[in-house]
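K.L.:
Below are the chains, spelled out letter by letter.
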Amino acid sequence: MAKKPVHFSHNGVERAAFADDGQNLLEFLRRGAGDLSPKYGCGQGTCGACTVMIDGETQLSCLVLAESIDGKSIRTAAGLASDQLDPLQVAFMDHFAAQCGYCTPGMLVSARALLERNPKPTREEVMEAISGNLCRCTGYEPIISAILAVAEGRAQA
Amino acid sequence: MIEFRKEFFADERDDDLNEVGKPTRRQDILGHVTGRSPFFDDHLFDGLLHMRCVRSPHHHARIRRVDTAEAEKMPGVVRVLTGKDVPTNLNTLLSLLDFGIDDEPILSTAKVAYRGEPVAAVIAATEAQARAAVKAVRVDWEVLPHVLDVEEAIKPGAPTVCEVYPDNKFIYHGKYDHQKLRFGDVEAAFASADHIVEGRYQMSPIEQAPIETCGAIAAPEQNDRYVCYTSTQALFFSLGTAAKVLQTPSSRLHFIGGTVGGGFGGKVDSIHEPLAVLGAMLTGRPCKYAWDRGEEMQVGAPRGAERWYIKDAVARDGRITARKFIGYFDSGAYTRLSSYAIIKGVGHLPGPYTIPNVYADVYCVYTNRTPATAMRGFGITGVDFAIENHMDKVAETVGVNPIELRILNSYRDGDMKAHRREAKNCALVECCQVVAEKGGVTLSPDARAATSLTGGGGERAQIPNFTATDEHGRVEGFDTGSYAQKASAAATAPQPPRTLPASQQPTSRPVQPPASHQPAIPPTPAAQPAQPAPPQKPAASRSGAMRFSSLSGFRRR
Amino acid sequence: MALHRGRGFAAINYPIGMNLGGDPSQALVHSNPDGKFTVALSAIDLGQGMKSVTRQIAAETLGVPVEDVYVDTADSDTGPHDMGSFASRGTHRMGNAVIQASQEARSVMLEAAAEELEVDAADLVTDGRGNIHVKGAPSRSITTMAASQAAQFKQGRTIAGRGIFLIPLSEVDPQTGEMTPVSCFAHAAMLVEVEVDDETGEVAVLDMQSAYEVGRALNPKLVEQQLRGGAWMGMSHAIWETTEPYYPSRDHGPEDFNAYVMPGPGDLAPHHISVLERPAPDGPYGGKGPGEMCANPVLPAVVNAVYDAVGVRVDDLPVTPEKVLRGLKANGGAKPRKAL
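Protein chains in written order, with the numbering used here: chain A, 49 to 205; chain B, 17 to 573; chain C, 43 to 382.
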């Protein structure tokens with residue numbers, strides 16, 4: 049099977065790895081780069097559990113060819129925290145915005161991308177930003193509350 | 017948007033505990049928000065193999081031949097499994113609780129009874145290679161007539177879905193083709209009722225839809241054991257089922273799970289663990305078997321459909337004096353957990369109300385669809401939909417406010433319930449009152465003054481002097497497991513099941529000679545000495561194999 | 043063509059714990075020499091909070107702070123037998139097993155402390171902050187850490203406990219259905235307001251007012267998670283979801299989330315929850331288990347509200363626009379009732 053070298057920035061770290069022919073980014077990140085934070089939920093681009101940021105834009109990694117990220121910057125939920133947790137992560141903990149936790153990484157990536165392009169979103173803008181991320185546990189309300197709390201500066205930084 | 021109404025039942029509670037009652041953060045939350053919680057698929061193995069199943073495109077078909085030769089030559093294919101590779105290729109989940117007859121093959125060899133039923137499993141180096149090889153497995157099908165509606169399925173002459181239950185009905189207690197509930201005399205109450213209210217209700221089949229699909233990864237571990245990372249929501253159901261199906265002592269299995277991406281009932285069935293471990297056993301390599309989303313939705317067992325008929329006798333003031341249920345659970349092609357849900361459901365009838373006469377016949381019906389299984393509210397959600405929809409019809413009929421009607425009929429502490437146990441710890445009245453208050457619904461002084469602690473017991477605590485019983489639906493020759501009938505289960509001699517002659521049955525069900533229950537399917541040659549007999553002899557199928565029962569431990573049957 | 047509002051009500055109870063009976067849950071608890079505890083279970087945390095609620099139960103019973111306890115689920119080599127997390131049995135059955143295991147471990151811990159303090163173990167109490175002291179004499183005290191170290195390195199005691207909770211198998215009378223189905227019941231009532239579009243047949247849930255009686259709320263935030271998420275699921279069951287939209291036909295079965303539709307963040311209804319707590323006599327600290335029953339009242343309440351709004355009673359879930367429109371057509375248009 050043909051393998052292609054891929055150079056990319058992974059949560060701020062320059063990396064190189066081989067992508068299998070036709071491999072999607074989700075599998076590449078999980079099996080190839082050892083980043084297990086993007087999750088498989090459908091492989092069809094309909095659930096959002098595999099959401100990552102490519103050059104700052106949210107993308108469904110199950111629909112992206114791994115080789116296409118050569119030279120690009122990838123951010124995932126595993127890279128949200130640096131020395132400290134991201135305020136969104138803290139807010140999700142405080143607002144009980146996760147139950148099973150499986151949609152949480154993708155949800156956080158969508159929320160982080162929203163706040164980077166729009167630091168003061170309205171409730172409607174939050175709802176729209178996470179509308180591609182399915183959650184079966186929470187009924188979404190605690191997630192919306194957590195994101196708004198960060199946007200409105202009510203959460204711990 | 018949430019309040020805790022501590023004033024209710026305050027004298028039954030001490031609210032000064034150290035840890036219990038506190039809004040402590042979840043133990044697992046840091047792992048969840050950092051993406052590091054270890055779900056089953058978050059365990060990486062070098063050389064991981066992928067398993068995918070060859071599935072029936074038909075609702076009901078005989079399998080003439082499964083030809084895996086071409087698939088075995090495909091790139092990356094390591095092995096193709098069929099039923100003969102499965103040491104005990106017949107199971108029912110609740111056999112671990114000694115309830116029910118083994119009725120479902122792991123990989124079917126004689127016939128399929130639903131669209132999507134697996135007949136072979138391809139193991140390959142990549143998932144894509146496994147998918148390609150699945151398409152290369154040739155199956156020679158002989159399509160059979162099928163039945164999809166529960167009431168069609170129990171009519172005479174309907175195709176038999178599952179040979180263990182020739183009349184397409186689970187057999188309860190080795191005795192009846194439905195679960196009965198009899199309390200008082202509903203017919204007498206109907207005869208003297210001011211109003212009769214009837215309804216038919218259909219609960220839809222529903223997908224549990226956890227965001228993580230069901231799956232398992234198994235691998236050879238040191239000391240001649242197998243480790244299995246699994247999404248199961250029932251660790252010892254899955255471990256026990258794997259031990260049984262693979263004829264392996266449980267000590268050789270090391271199951272790890274417990275961090276699961278949602279379940280809602282859809283991860284009890286233990287479908288993946290036995291096949292993943294079998295794959296690891298036969299290849300000596302790590303093996304993953306997981307559903308994709310399409311399989312999760314159409315092959316994974318849903319919350320089953322239910323159909324309910326309810327008939328009430330109602331007095332002018334809104335008091336319900338009798339309630340009769342006829343219920344049909346659509347179990348799909350095999351039993352899984354539907355038989356159990358019905359007992360749970362029957363124990364729940366007639367809902368949270370004190371009704372002096374209650375009757376129910378509830379059937380677990382086999383149809384040619386994906387087997388049903390547990391989902392949040394299992395056995396209850398469907399009938400609660402029916403009951404509470406019906407309650408509104410009753411309220412409209414008698415012209416009583418719907419909330420008042422519930423309070424009027426609500427069960428109270430000390431009342432006798434239809435399953436003949438005293439009601440305790442009730443709180444329905446208070447819930448109704450709180451919602452009425454919040455919704456601005458004005459209740460009568462009586463309804464406002466009602467409590468769950470008062471008004472019950474006394475006459476309402478009595479079991480009716482007379483309960484009308486009957487023998488309809490009586491069958492013989494079944495051993496469907498103990499369900500607290502241990503003595504009779506052990507004593508029943510293996511014999512073909514038969515329906516009692518009509519003369520012994522009060523119903524108009526036609527006589528079917530025992531011969532009609534012999535399945536037309538030729539027995540599968542036993543691949544291994546310990547393999548249980550094919551399903552035409554239900555009682556015999558349980559003998560020989562080592563069975564584990566939570567109730568009685570290991571025993572040879 | 044117009045939008046019609048209506049309200050619908052439903053009330054339910056829910057059996058807690060597996061009625062089959064004869065299906066016990068086990069728990070093991072042990073301490074490290076520094077007085078930190080591990081609870082080993084084979085129960086599953088699938089989001090409902092098994093790890094968290096049993097952790098609080100164990101800490102409460104042991105008399106130590108919650109951060110001194112961690113719960114491990116589920117490794118069959120270390121976690122003792124438990125069939126699984128279903129039938130609203132987790133909190134109730136496992137909670138009771140954890141209490142029993144923790145009581146046994148606590149009694150050893152108190153014996154170790156008593157030996158160090160040279161007092162009778164029966165006179166000792168815990169303060170829940172990591173200290174053990176003589177009842178009424180807080181100064182005569184020892185930390186749980188010191189007691190655990192003494193047990194391990196001086197006294198040769200094992201601070202550990204085993205717990206099991208078994209409700210014996212209930213007989214079911216084949217003729218009458220007489221049985222002991224469960225040990226306790228949770229309760230709920232729900233009032234929903236809907237808006238029905240008589241042109242498109244679409245139903246929107248506008249508001250939910252509920253009261254849930256859940257026994258003692260062992261962790262109020264975990265309870266809220268279940269009630270809020272569960273009611274959302276109930277709304278979804280009522281209006282959106284099914285694997286077989288033309289049941290009993292198997293046609294048009296969804297195979298992805300574009301076809302299997304559920305309400306998204308833009309379809310939510312405000313849900314005003316009231317929690318009532320009537321402790322279950324046999325529940326762990328009176329807890330029942332709110333996880334399953336929370337969806338149930340929403341389904342009939344929505345159906346009843348649609349009837350109230352337009353006079354169409356849909357007895358066949360889910361309440362799709364197609365069914366509403368067929369009902370409106372059969373009735374000759376919307377017949378608002380406004381009865382509630």
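Rather than coming from a laboratory, the hints here were simulated on the basis of the structure.
Glycine included, C-beta positions come from ideal geometry on N, C-alpha and C.
Just to be clear, a hint being listed does not mean it is correct.
[Said to hold, decoys possible] Quick list of in silico lysine-lysine cross-link-like pairs, DSS-like style, CA-CA up to 30 Å:
{"id": "1", "chain 1": "B", "residue 1": "454", "chain 2": "C", "residue 2": "78"}
{"id": "2", "chain 1": "B", "residue 1": "409", "chain 2": "B", "residue 2": "38"}
{"id": "3", "chain 1": "B", "residue 1": "38", "chain 2": "C", "residue 2": "177"}
[Stated by the list, open to error] Examples of chain C residues toward chain B, derived with CB under 7 Å:
{"id": "4", "residue": "289"}
{"id": "5", "residue": "308"}
{"id": "6", "residue": "310"}
[Claimed, not checked] Stretches of chain A that chain C covers, calculated by requiring three or more beta carbons in the stretch to come under 8 Å of a beta carbon on chain C:
{"id": "7", "region": "90-98"}
{"id": "8", "region": "183-191"}
K.L.:
List, from low to high, the hint numbers that the structure doesn't satisfy.
P.N.:
1, 2, 5 and 6
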